[in-house]
Structures are given as C-alpha cells and as structure tokens.
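2 protein chains.
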Amino acid sequence: MSETTSKKVYLFADGKADGNGKMKDTLGGKGAGLAEMTLASLPVPPGFTITTDCCNLYYNSGKQFPEGLWEEVLTAMQAVEAATGKGFGNQENPLLVSVRSGAKFSMPGMMDTVLNLGLNDDTVAGLAALTSNDRFAQDAYRRFIQMFGRIVLGVSGEKFDHAFDSAKKAKGVTQDTDLDAADLRAIVAQFKELVATETGQAFPTDPYDQLKLAIVAVFSSWFGKRAIDYRRINKIPDDLGTAVNVVAMVFGNMGTDSGTGVAFTRNPSTGEGILFGEYLTNAQGEDVVAGIRTPFKIAHLKEEMPEVYDQFAKVAQLLEKHYKDVQDLEFTIERGKLWMLQTRNAKRTGPAAVKIAVDMANEGIISKQEAVNRVEPAQLDQLLHPMIDPQAEIDLLATGLPASPGAATGKVVFDPDTAEERGQAGEKVILVRVETSPEDFHGMVAAQAILTARGGMTSHAAVVARGMGKCCVAGCSALEIDYQTKEIRIGDRVIKESEAITLDGTTGRVIAGEVPLIKPEISGEFKEFMSWVDEYRKLGVRTNADTPHDSRVAREFGAEGIGLCRTEHMFFEGNRIDMVRQMIMVSAEYKRLEADRSVLHQEIAKETAKSGGKSERLDSLKEQLAQYDEKIAKPKQLFMGALAALLPMQREDFIGIFQAMDGFPVTIRLLDPPLHEFLPHDDETINDLAGKVGLTVKEIENKIEALRESNPMLGHRGCRLGLVYPEITEMQARAIFEAAAHVQQAGVKVFPEVMIPLVADVKELQRQEHIVRRVANEVMDQTHVQIEYLVGTMIELPRAALTADKIARVAEFFSFGTNDLTQTTFGLSRDDAGTFLPFYVENKILPDDPFQVLDQEGVGQLVEIGIQKGRSARAGLKVGICGEHGGEPQSVHFCHRVGMNYVSCSPYRVPIARLAAAQAALAEASGDGQSAAARTA
Amino acid sequence: MSETTSKKVYLFADGKADGNGKMKDTLGGKGAGLAEMTLASLPVPPGFTITTDCCNLYYNSGKQFPEGLWEEVLTAMQAVEAATGKGFGNQENPLLVSVRSGAKFSMPGMMDTVLNLGLNDDTVAGLAALTSNDRFAQDAYRRFIQMFGRIVLGVSGEKFDHAFDSAKKAKGVTQDTDLDAADLRAIVAQFKELVATETGQAFPTDPYDQLKLAIVAVFSSWFGKRAIDYRRINKIPDDLGTAVNVVAMVFGNMGTDSGTGVAFTRNPSTGEGILFGEYLTNAQGEDVVAGIRTPFKIAHLKEEMPEVYDQFAKVAQLLEKHYKDVQDLEFTIERGKLWMLQTRNAKRTGPAAVKIAVDMANEGIISKQEAVNRVEPAQLDQLLHPMIDPQAEIDLLATGLPASPGAATGKVVFDPDTAEERGQAGEKVILVRVETSPEDFHGMVAAQAILTARGGMTSHAAVVARGMGKCCVAGCSALEIDYQTKEIRIGDRVIKESEAITLDGTTGRVIAGEVPLIKPEISGEFKEFMSWVDEYRKLGVRTNADTPHDSRVAREFGAEGIGLCRTEHMFFEGNRIDMVRQMIMVSAEYKRLEADRSVLHQEIAKETAKSGGKSERLDSLKEQLAQYDEKIAKPKQLFMGALAALLPMQREDFIGIFQAMDGFPVTIRLLDPPLHEFLPHDDETINDLAGKVGLTVKEIENKIEALRESNPMLGHRGCRLGLVYPEITEMQARAIFEAAAHVQQAGVKVFPEVMIPLVADVKELQRQEHIVRRVANEVMDQTHVQIEYLVGTMIELPRAALTADKIARVAEFFSFGTNDLTQTTFGLSRDDAGTFLPFYVENKILPDDPFQVLDQEGVGQLVEIGIQKGRSARAGLKVGICGEHGGEPQSVHFCHRVGMNYVSCSPYRVPIARLAAAQAALAEASGDGQSAAARTA
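As they're listed, the protein sequences go chains A and B. For the first sequence, our numbering begins at 3 and goes up steadily by one. For the second sequence, our numbering begins at 3 and goes up steadily by one.
Some hints here could point you the wrong way.
Because identical chains share one entry, a pair is satisfied inside a single copy or across any pair of copies.
Lysine to any residue pairs mimicking SDA-like chemistry, simulated, CA-CA at most 25 Å apart [to be verified]:
{"#": "1", "residue 1": "Lys323", "residue 2": "Asp16"}
{"#": "2", "residue 1": "Lys299", "residue 2": "Asn577"}
{"#": "3", "residue 1": "Lys498", "residue 2": "Lys705"}
{"#": "4", "residue 1": "Lys171", "residue 2": "Glu618"}
{"#": "5", "residue 1": "Lys871", "residue 2": "Ile847"}
{"#": "6", "residue 1": "Lys18", "residue 2": "Glu83"}
{"#": "7", "residue 1": "Lys751", "residue 2": "Thr569"}
{"#": "8", "residue 1": "Lys88", "residue 2": "Gln863"}
{"#": "9", "residue 1": "Lys765", "residue 2": "Gln863"}
{"#": "10", "residue 1": "Lys765", "residue 2": "Glu866"}
{"#": "11", "residue 1": "Lys694", "residue 2": "Ile579"}
{"#": "12", "residue 1": "Lys694", "residue 2": "Ala635"}
{"#": "13", "residue 1": "Lys237", "residue 2": "Thr115"}
{"#": "14", "residue 1": "Lys529", "residue 2": "Leu924"}
{"#": "15", "residue 1": "Lys227", "residue 2": "Arg619"}
{"#": "16", "residue 1": "Lys237", "residue 2": "Ala502"}
{"#": "17", "residue 1": "Lys700", "residue 2": "Phe416"}
None of these hints come from the bench; they were simulated from the model. Owing to the predicted nature of the structure, the values given are computational and were not obtained by experimental measurement.
For reference, chain A alone in the conformation it holds in the complex (with noise of 0.2 Å):
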C-alpha cells in the first residue's frame, strides 16, 4: 500500500464514521467497533482511529512518525473539537482524550492506556471551572502526569510511587482522598520535576506534543516484552500491528450522576438471556477493574438511574442484534449522559456459548448453521467434564501436558494396587507414576485421575484415561517422583503419599490441596445442539473403545460404530494374562523348534536324495529329529493351550461390545503391542509366573531379557507378530467371527471390520487375510450363520501410505493410525518427546505439537498420498482414522477436506468431533476453507 495515498486516520463523530465494523484489520477491534456503534447512532464519544498499516510503517522505516499521519491527525482533531464543541489545549473549555491501542483480536492488558491527554497549567484550570471541582482537576492532572511519564516517557512508576508516599507521609495521612486540591497541585510540581531529572526534558505542555508522544508510545508498545509474549503465547501474529484509538474523555467520577461499568448482553458464564455486569457511581473505569470498592450489579441501575439503564438496556440488545452475537460492552454516564466506550464480542464458557447459539437461533437472530459455527468444538468439553471453579485460589506446582480434560482432586498414591485398594474403599484417590503400563490398568480404573511425569498426548496414560473420559495430566516432567520415599518433589516442594492434589486436564495444570470443583450437567440446549450439528455433518464419527462399557457410553455420545477397538488390553484382564504369558513364555522356543525342525527336515530330504537313502549321516539326522519331535510337544502345547484358553474370553468379549453396537459397524485391530508389555517385571509376579509354567526364575528373567527391545516402537508388534506366530491371528479371527455368528443368531446386527495393525508390505496384509478369511469361512460353515465382514488395515507407517496402491488390491478398508504414522514420519517416539517437544512448540519451531494436531505438512501429505493411491486402486474405497487427531478439531476439518469417510476418537470426544465434522462441512459448503474450529487455532 502506497505511504502517501492511503488514508491513515478514520474519524467517527456525530453519527458518522469513515470506517465501519468489518475493519478490523484497519482499525483494530476497539476502533471498528467505535466506528459501527457511531454509525448505529449509539452515544460514543467522538474521536478517530489511526490504521494498523501506521504502526507497520513506523516500524519498517526504522521508528519514523509516518509521513502524511500528523496532518490527518489535526484534521481528525478538528472534527473531534467541533464534535464535542471543546477546544484541544483550550484554557476555558480544554478537549481532553483518551489514547488507547486496539489490534484485531484483543490483548488484555497488554497494551497501555493514556487518559486524560491534553491537560497543562492552562487547561487544568479550565477544567476545574467547567467542573466546579479544583481537586478533581489537580487529581486527573496528577494522575496524566504520572501515567504519561511512566508509559510514554519512560519514567520509573517506582519512582513516582516515592514522591507520592512521600507527600502523604509528610502531611502525616495515608489515604490518597485525604490529599486535598492544594496538596495535589504540589505533587503535581514535584512530578513535572521528576519527569525533568529523570529525562532531561521539561514534561510537555502542549497537548500536540503529548499527543504525537503518546501515538509513538502505543506503536512502541506492540514491540514490548508483554506483548511480545502475549502473541507468543496466542499465536497471534506479529506483523498484524496495533490501530492506535484516540477519543475524547468522558468523565465517570464526576459526582454521583456519573458513574462507570462493564456488562455482558447475556450472561458468559450460563448463556442465561439478561443483562449481565457491574457498574460504580463517580468512578474511572480502571476503579472497576481495581476492586477497591464493591462495584453493583448492573440491575441496580434501574433503581438508580432508570432512565440512563433503559437507554443502556435497549443500546445492548441493539447491539447484540447488530452483531448477531453476546456484546462485551464498556460504558460511562457522565453527569446522566450515557457514553459507549467499547463493545465486542463477549467470552464465554462451553455451557454458555451453546446455550447461547441455541436461544439465538430459536430467537431467530441466527440461522441454525450460523449457531453451529458459534461454539468452539473444544468447548464442548467443558459440557462433559467436572471443572475447577475459575474463582478458586490455586497453588499452582507445575504445568504438564493436558492430556484428558476435565478436573479432579484427590489423595496423592504411587502404586495401582494401592490406588485399587483405596479406590475401591471409596477413597477418592489421584494414581501418580512416572509413566504407566498396561500392568497398571486396574489402578487407573480406581483412580480419580493420573499424574505421569513422562509421555505425551498419545502415551499409554493419556490415551486410556480419554477413553474413561479421566482427567489426566501427563509428561509433567518438573515432577521427580520417587517411588521408594513415595514423594514427588518440585524444585524445593515435597508431597508426599496421601496428601491431596488437585489435576486440571484441560489446561495440564497441577495444584497443591484440595480446589473446589463445577460438575457439568447435560442441558436440553446440548442435546437441541448436538441435533443440529448432525443434520450439517458429513464425516461418520465412530469411537475407540475396547469394552461394553466404553461402546455405550460413546454411544450415547453420537458414536456410529467402532474405528478402533484394541484387542490387547482385554489380555490384562482377571487371569487371562496367565495364559497370555504362559503363551509368550513358549512362544519363542516353540517357534525355533519348528524351525529346526523344518530344516532337519530338509536336510533328511537332500541327503536322502544324495546317499540314495543310506547313510549314517541320515540316520543320525533321523535320529535328531526323533529327538525334535520329542522336545517340542510340551512347548506346543502350552503354546496351543493357552491360545485354546483365550478363545473363548476373547470372544466373551467380543459379544458384548457387538451387543452394545448393535448395527453400527466394529473395526477391531488384532494383536499390536510387542509380546514382552505382557510380561510381568517385578519379583513377585516372575515367581509366581516360574511356578505356572514350569520354569526357574532364572529361566523366565532370560525370557524377559531376551524379548527386551531397544526401539519397542519399532519393534516385533503389529502384523509382525501375526506373521510369526499364526496361530494368534486364527484365534483371534475366530474368536471375533464365533461371537459375530452367536450375536447374529439372537438377533443382533454385526458388522465386523477386521483390521491388520502395522502392515508396511502388502505381502504382510495377504498372509494375515488368508487367515482371517480361512477361519470366517469355517465358523460360517459351521454356524450356518452369514456375517458381513471387511478385512482392512492401518496406514500407520509411511511405507503403507506410499505403496497405497498394491495395499488397497487386498484391504477393504484403510484406517490411517496417525499416532503412528507421526512418530514414524517425524522419527519421533511420543512416549520420549516430552524433554523437547514443548520446547519446539514454545519456540515456534513447531506450530502445534504433532500428536495433538495433525501435521498436515508432512504426515497429511503421506495421509492424501495414501487416499489417493487407495481408491486408484479400489475406488470407493472405505477410509477413516482411529489416532488421537480424530477428536482435535483442526485435524477433523483436514479429515473432511481429504474426503475420509468417518474419523474415529476416544468417546468422549466424540460430540466434539461431531462438531468440528459440522463446521467442516458448512465451512466447505459456503466455499470458506476456514470455520470457528480452524480460526481458533
């Protein structure tokens, strides 16, 4: 934009306004909503706004006051003299402002504010006399002097904090009202004084000086530390720069018809349709703010000012009916005269901001789609979760990941058997590890919540608290737990076992002591809004679960069938995991006894050919394999015991969980993890283990050790394991087809999607099918019973997504395992990210973590080369995704737009992933890439 033709300065006065509401690039939010209440005809003081490209300019001409700004800024002043019939730097009737910064999304606190610009030895005087009030003029001056030294010129507050103690001291009182007009006039000199000492310069008198100063000062504070870290912090960008609002003051404190205060045109806590806000009488707005005195109710205006309330009242809903949307709004009466000094659109809580789409929507002031769109998806998680009350006090210890939302508090224990005891006792106990396992799974379950010191969003912790819809906070690595002194130590802190903590899941804080908590409570507004969020959606939405319980909860969420059901856990289950160690135990040697066995085999083949048949090599070999075939009957048969034991809980299981999805369809993965997370690591457990199976303690200790793994991640799991051992892929297939076969027979409606977990070669995926489809034709054969059943896969490795094509000739369905996927493209272990991770994100090297928000960059381009390679092979082909990035919204909408069929996440994520489908496809449908969810970020 050319410096010289583009207009810099945009004046609203008298009804008119140069800009509009839609500005708020140009004029920031505070100076587009000042402009759109002017030109609604509200009474806003007059002033103008100096454009956000000013603040660019200065800074990228190295700090020079644009060229062409100043003669905007006395035309605009003029017009804001005439508006007010004031005169800036007159002695009798002085025009005073207010110089305020306003970007476009709002920065609380993080720009400061000069009042009361304009003001000298002249105008002071005037205004004493225009106010009849000579302390009240000496105070305002006092206090522009020391708000512009500090803020514009630079001068230590500190230092006129001093002087101004010092002059209460000597007149021996300690309020700043028992100071009188002649006192403060001598303040006043004193700290025009200081301004000289300390910067060398006289304090400006003329009120152009101060204000072209003071114009600098707000540019310069968009640069500033704060601010700086604000952006940071927010992800706001720093190239966006402040519009600089310069209006004329309007006074709340002068008298008992003034007045001052900040209301809501509904309530942003509740949604609850009134006025909502507080206000004082004779005060500046930052007296409301400062808490000194008791601020009322905003009703108690109407008893008090009825007239001035009504006017408000109406000016509220005028504009919350302009913007279609809950007004933040800031107003003064002076002497009666009500005065709007800002109004935007109003924060609010989950429960509140749906409430509110719905009540708007049925008043008719939006459209259904417009009232889907208002509700960030991740609000939705306050509807569903307890949350520490936002008036509490807090001690806060330290911040981890918030790795499952919602709040819990609790007695601090360190292992599952304790959290189950005391869980169970009715104890409200909070699990602290330093990471779990499965082997802790029935502590979790007692436990109110869980602490972990290491792991990220998608660690063992995280992702099983979520699907119990648990508060967890994990990878606070500022923790040092120790197991032995059952303490945790935070720097300097200790808390020991049993004292009480309170867990924020949502923000990933940690709190000393108990904290007081909100329990959430489904509202007729939600189930209203959830209805409507469907109706828009195109993305199926299924869920994780591996259990009855989990299917029905995420079924009374929304959810439309299973995309990811883990066999594994419900091998922990009761004494299932004796028969799965026992397995595990003889897994090893029974598969090398094959092995040689089949290379004896072999080689009695090729020496029979060889000796024709006689040799005393042959006969020794004959004699070896005799040998073999001794050796291996026990290993087989505790390898095939075992199996033949888990059969039958498998397909328990599998019964119930199709019970619960009764005709939605279940993808179920088989067998994942590397076999020794089965195994137990502590004395007891491997003694107990030795006696089970038959082995010494030592034995079973070299088993550990050898199944022990330096990259477990990318270890023997997944098809891997089905690939060597077969066997456990048979029974799992039967298992799931036995149970599809007994649950279809009493009338249930299945659809079982068996899914192969980790295939990174077709020829892997080709195996595994043979199997499952060998093993469905005989339980069919056997029941008589026909089942509707897929066999699909993962994409979780790169390879899988880059060979796409070949892998999609065999699998029906592609599930994309983004946790996976993501470590693997990004070479990063989930569970060892936590000692860098947050610092790439804090530093931008990252924009988000990756297992929080799919990386669209790079593992989204593996997941659309995966697509597209998929249905070039088979079109239509089925896709969904069953990582942690089904339920983020971000990742939901780069769902929609890479044209998945349905995301799948923990259950109680689901309504959130419902509604970021919803915004997806309505932001798609009115050709906007972007949505709430999208803007958000």
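With chain A's structure known, arrange chain B on it following the hints.
This is chain B only, laid out in the frame that chain A set:
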C-alpha cells in the same frame, strides 16, 4: 503363447540345431549350450530339448501332457536315430538316451536325471552284443531300472539298495564289481519284481513309454521340495519352468579308451590362463563327482590320449572365444571319441574374476567395458579380506548375519577389557557380546573379530567392524551368551571362554575351532581393473570415516572425500568421555534453571507492569531470581567448562582428518546419538563419575534413569540436541572451522561440509545453520583465513523427504541417511529386527533385508521425492547417500539412476561401490537398466 502353434521341441544334431545359445529362457541353460555347441560343429551327441513352456503348460493345465508335444518328440527321435544310425528300441543297434532337466539358471544337484533310457530285455542284449560286454550291459540295465524306478516311478531307493545288498550277501561278496553278468541279470529280474510289487504295474518295457514317463518326471521335479527350496534360497522365480533334454547316450565306461571328466578353460580359483580340470578313464560322469576313485588332472590326458587332449583343448579354446567367457565343461570319451556334454560360464572366486576379466580384455577377447561388467562387485570383498580355505573341513555351530566380510580365528572372550588386555598381549581373541555399544570400542579394536547375538546389519557392532575392515558376525540369535558363566550355549553345545572359534563374516558362519584362512593379496590386475572402473563411473565415491587412520585407508581404496564423519565416536576416546559425562550430568539442570529463570524474568516484567513496579509479590519474585542466579552458577560453569575442554580435542580430530583428506570434501555430521548413550552403566564407572562431578551415586543413577528413553532411536537426538543445547553445536562448529583454518594455513586444501542430522522441519535446520554460519564468520574474522564450506543436512526422516523443497532453501547439500530412513519408513528398528526379519526374507515377504539392500519401492520413493523436491527449490543441489546402502551394488545402481552426485560407504566397501557405480553407468550407456550387479541379485 498359443499352445498349438509354438514350437515345443528343438533338435540338435550333426552340426545343425533349431535353437541357439541365446535361447536360455526357452531351452534352459543346458539346452541352449548343447544347441550352440552343435552349431559350432563341436562333437555333441545328437538330441533335442523340450521347451520350458511345456513345463509351464503341464502345470497350468493341471498336469496334462501338453497337446502336440508327443508328436514333436517322435519326429525328433527319428532325427536322432538318423544321426546316430541307431534305433530307439532296436534290438540289434539300440539307441539309448539320457533325460535331464535344464532350467534357465543352473540348479546343481536339484533336478534328477535318468540315464540309459531305452533299455529293456531285448535292447540289453543288443547293447551286450554291440559292446561285446554282457556285464556292462546288464549293469547298465540294472542301474537304469534302479534310477527310473526311484525317480520316475517313486519306488523307495532303500528298497533297491536292500535287494542289491541281499544279492551280494547271498553270494558272499561285498563289492559291486564282484557281481558277474549272471548275478546282475538276476538282480534285474528282482528289481523288476520290486517295481511291480511297489507300483502295482509291470516295469515299462516300451522305450517310448519310458521316455514319456521320464519327461513327465522331469516336469514334476520342478515342483519337488528340493527344487522349491533351492529356488527360494537363490531367489529364482517359480514360473520359469524347466526344459527337458533328451540326448543320445555316450559311454565313458567302455574300457580304457573311454573316460569322462569336467574342466574349466581357466583356473576358477586363481584365474590362471590354463586348462583346469580332472577326468577318470573307464568311468561314467557320476563316478567323477562321487570321488570313489581319485581322478587325474586334465594335463594327464595329454599323456594318455594326446589326440583327444588336443582336440579337447581346441574345443575349450573355441568355446571360450565363442562365449567370451571362461567355460565350465563336461565331456565323455567313448572309445577314443570326444563328446562334449555341457558348456556353461564358469563360477569363479573374486581374485579369479578380476584376473580373468583383465586378461581377457588384454587378450582382446572382450572390451574393457565388458571386463568391468564381468566382476560382481561383492566379489571384490574376497580381494580385501582373509577368507576361509574352501578346502577346510568345518564344524558349523550356527549362522548369523554376514555383518562385516572376511574371516578370523581366535579365542572367545566376553568383555572388552579382557579383549583389550589379551589382544594387546598378542593373543588372537574374538569378542563375543550379546550386542555392542560404544563402550566396547576398545575391545573391538583389540579383537580379531566380533560376534554378537543381537542386532542387524547396521547394528553398532556391524557398522564399527565394517569401518575397521574387521570380520563381524552379528545377530546370531541361536547363541545364548552367558556373561556370568562365561560361556556360549548353542542348543546342547557349550563354548567356554578361551576356546577357539572361527568366524566367516562373508557368509555369517560361526565355526568351532581353528580353521585355516587364506590371506588376501592385492594384485596388479586389481589395480588395472579398478583404473578401468574409474574410467566409466559417473557417481563419486566417498567414505564414512571418523579417524585419520580410516580416512587414509579409504583414500588408498580410492575414496574421493568423506561423506560421513561421525563426531560422536570422538567423544569416547581417552578421558574425553569424562568431560562429555560431566556435561551431560549437569545439562538438564542447567537448562531447567535457565528456563525457570526466563519464566521468572517474564513474571517480574508482568508484575512490574501490573503493580506499577511495587508489590509484595514483586519483591518475592526478585528474591527468587537472585536465588536462581546463584543456583545456576555451578551447573553453568560445569557445562560450559566441559565444552571448553572438549573444544581443543575435537579440533585436533578434525585437523587429522582434514590433513588425511587434503583436497577432498569432508562432510561432518554434528552430534547425533542421544546423550544417554555416553553414560556409564557399571557400578565402578558410576562411582568414579560421582567423584568427578561432585554428585552422589544415587543422584547419578537418578539422572541416568531420567535420561532413559523408551525408543531412543526416536528420541532426543540429532539436531534436537543442538536445538536444546545450542552450546554444543557452537563448540563443534568452532572446532571444525578452527581446524580448517589451521590446516589451510599449512597449505592443506580443505572443504568442510557441515551436516545437521535428523532434521524433520526446515526451522530446525535454519536455527542450527544460523549458529554454524555465525561461528564460521567469527573464526574467519579471527584467523583471517577464508574457508570454502557448505551447510547441509541429512535426509533421514520421511518428513524431511516430503518437505525437501523447503529444506533445500536452506541446505546446500542433502545426504540421504538411508539407515534411519529405512527404519522410519518401515517402522522397523534395525537393532530389533533380528527376531523376525530373517523370517520375512526367508518367506519372501520382503525380497531382501532392507538394511542391506535399499528398498526402492518404499524408501526409494521417498529418496526420489526428496531429490526432486530438493532440486526444484535449489537447482544443482548436491546429493549423496551415507547410509550403509552406499556400498551395496544394487543400491548404488539406484543412486546412479536417481541422479545422486555421490555415494559414501565404509572404507573397505569403497572398491565395491566404485565398481557398482561403473556398472551402473555402463548399463545406462547401453540403454540396459540391468548390469551384472543387478542381475546377480
């Protein structure tokens, strides 16, 4: 191909043949050779070949004898009868034939042969009359029934043996030769009865029935277990099929003027240019192989049958010239007449391959290009490493991965200290470990070879051993290594410490006891050969080297620079490790305090603004800050002190390497492994360290535990270290540039290429690049030396390849780290894959171990995407590879094809890479994507 129209039988007789030597696909190797020899007017017994298509037709039609085949066979038989003047089934002058399989690829010992076909009670009399040798005829008949009965009719060989033995026993003799014609006639009768009993049908007497049955038996043998196994091991496709060769019998056992033998036109072990082979008089081919009588050297034939010898020598020379390669010949002399039965290109050792190629080129038989194509790159290993004497008897214990070629013998030791002690004392020891870590390095240096039970082709042991050119067998999972009892258990066998073993790193064999080794010799031919190689190749070949010694070795092998210098290996030498550990011990605390202090600074700024510079909280915050300043002093001093101590040591390392690589580029990778790899694990060292850094043992242990990672491969390593600890990057950059300036002042030409590892996003690279360039400028300013240098990155994560366009805007070169890229693309840990990857390769789930041979389909796709995107952003971007694949011939072909500038590999692989690169260039020039290397695989 239509079944009815295509020719099924190819005749060869009397100098005419339907086929020729190029028709291996159709006629198999043997059939094509017979046709070609016939066309060359060589003395070949007449016969015909049934095409490989017939074999496939047979299987594709459900084992039906192909339509039309029999008619063609009959026609061909008539021609053979005409050529021999004998009649098939003719009583007076019977034609006998052999029926042999013959696939495209030689499958020695894998397919069965039937000799003397055409004999029955009538023709045997004719044979006796013709040869005037009744016993010979009866013995031939006996052998025929036995062979035909076993191979064609499926009668157990043992039963024939039993009957034969009984006959001898009945006569009271032990030797076959003690049986006379009458005895044999009786045995023939018994054999026929045996066949009738076993098969339920009389032995076929009609020669045409015999022929048809034999042809079917050859077809069937293609899917015999032995053939399938052989094809699996040698990666030969199943659908090639076998041809069937029917050839008129000639007899080497018709008396002392008859004989049979095998010969090579040049010595296949040494390449020496003289006929090499052996023969037996009065014998059939199988007798030479069986080794019952000791055969004569071929030279002896000159004395025994000078004319036959001369004829044979001429034929041999003619065949070598004709095929332009060393030939492997089979011949029979029947009553003074030479018959050639087979010719094929001879297998040869590496030294022989080189000598033969060079000699033949110098003799003008082949061009230099052809010579270069004649040596398989992998064969060069045999020229550079000791090998096990092929004549030695071996006692094989187990087979592991051929991790580093060569062979070595030594006494077993289990820990690096003992290895060092005994090795330095002059003893030959072999270090046996479950797996190795950098802490074992000194023991590896002192050992003759390394044997591990765990880890793949790119495990620590494998990589380090290859770098040293030292034999290594890795991942030998059959070994149970017990450090306590100091023994290796393999099944029931036990090898104790100090027992001798021998390793063959070229094949992966672990052998009990000492085995004689053959030492390598660098011949003049090798040098000449490699000079030709360099004429043709276009790819640069660099080396992976971390020390001046390795650099010098690599230059001797022809390396043109260093493609990967790993700086972390330097961290272990001498007392440096103490400094490294000191740095690590305080690193986390230092960074935590720094971060906390930064937060405090922010809090103070906020509170100052909020409170106007005066509040109780502000005072408390300031007090805390002072405490932090105090706390941080010690760890900061220890951290920076350790780096300061390391700087001069690293500088010295680089000086040595730069000097050794004078004139060539040196790519230096900044610190890559996770810090915990440098920490001690044994109590003694931990105690020692505690004293040195002033911490308690418990504190050290806690810190070691805190640094532990679940998946270190995906953890805090690579540039992630440099980002969190920019001080380390700075130190390393300073060491590099100070060293460069130093050597350049001394006249050495130095071109450092600083490589940032494990980049996933361009922002990581940007930050590190910024530090490197700043330090470079500082050093150049200080020293007044201008250094030509580049800053680039490893592409070793899928995300780097996928976003290579962005990365190339910063990186001046790419080096594909295909080890890690393979790990992440497959989601496969090279350290853990040993438990299932061999199963995958054996079962053809994957064609090769992707850590040995680059996976072109998946990983290669990412490499191509990376290069294409990289060069789209930076034309002419320098691209290389530094993974282990850089020295693997097939992978080098790929690197050539996708347009890399160079490959880099361990020093001892440099000649292999040079040859593979030349072959790739020649293949491209000839428009043939395939060359020797690619064909071999």
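How the hints compare with the structure:
no.: 1; hint: Lys323 <-> Asp16; result: within (21 Å within a copy, 107 Å between copies)
no.: 2; hint: Lys299 <-> Asn577; result: neither (62 Å within a copy, 73 Å between copies)
no.: 3; hint: Lys498 <-> Lys705; result: between (37 Å within a copy, 21 Å between copies)
no.: 4; hint: Lys171 <-> Glu618; result: between (115 Å within a copy, 20 Å between copies)
no.: 5; hint: Lys871 <-> Ile847; result: between (31 Å within a copy, 21 Å between copies)
no.: 6; hint: Lys18 <-> Glu83; result: within (15 Å within a copy, 118 Å between copies)
no.: 7; hint: Lys751 <-> Thr569; result: within (21 Å within a copy, 62 Å between copies)
no.: 8; hint: Lys88 <-> Gln863; result: neither (62 Å within a copy, 74 Å between copies)
no.: 9; hint: Lys765 <-> Gln863; result: both (24 Å within a copy, 18 Å between copies)
no.: 10; hint: Lys765 <-> Glu866; result: both (22 Å within a copy, 23 Å between copies)
no.: 11; hint: Lys694 <-> Ile579; result: within (12 Å within a copy, 46 Å between copies)
no.: 12; hint: Lys694 <-> Ala635; result: within (18 Å within a copy, 56 Å between copies)
no.: 13; hint: Lys237 <-> Thr115; result: within (23 Å within a copy, 79 Å between copies)
no.: 14; hint: Lys529 <-> Leu924; result: within (19 Å within a copy, 72 Å between copies)
no.: 15; hint: Lys227 <-> Arg619; result: between (84 Å within a copy, 20 Å between copies)
no.: 16; hint: Lys237 <-> Ala502; result: neither (35 Å within a copy, 66 Å between copies)
no.: 17; hint: Lys700 <-> Phe416; result: between (28 Å within a copy, 20 Å between copies)
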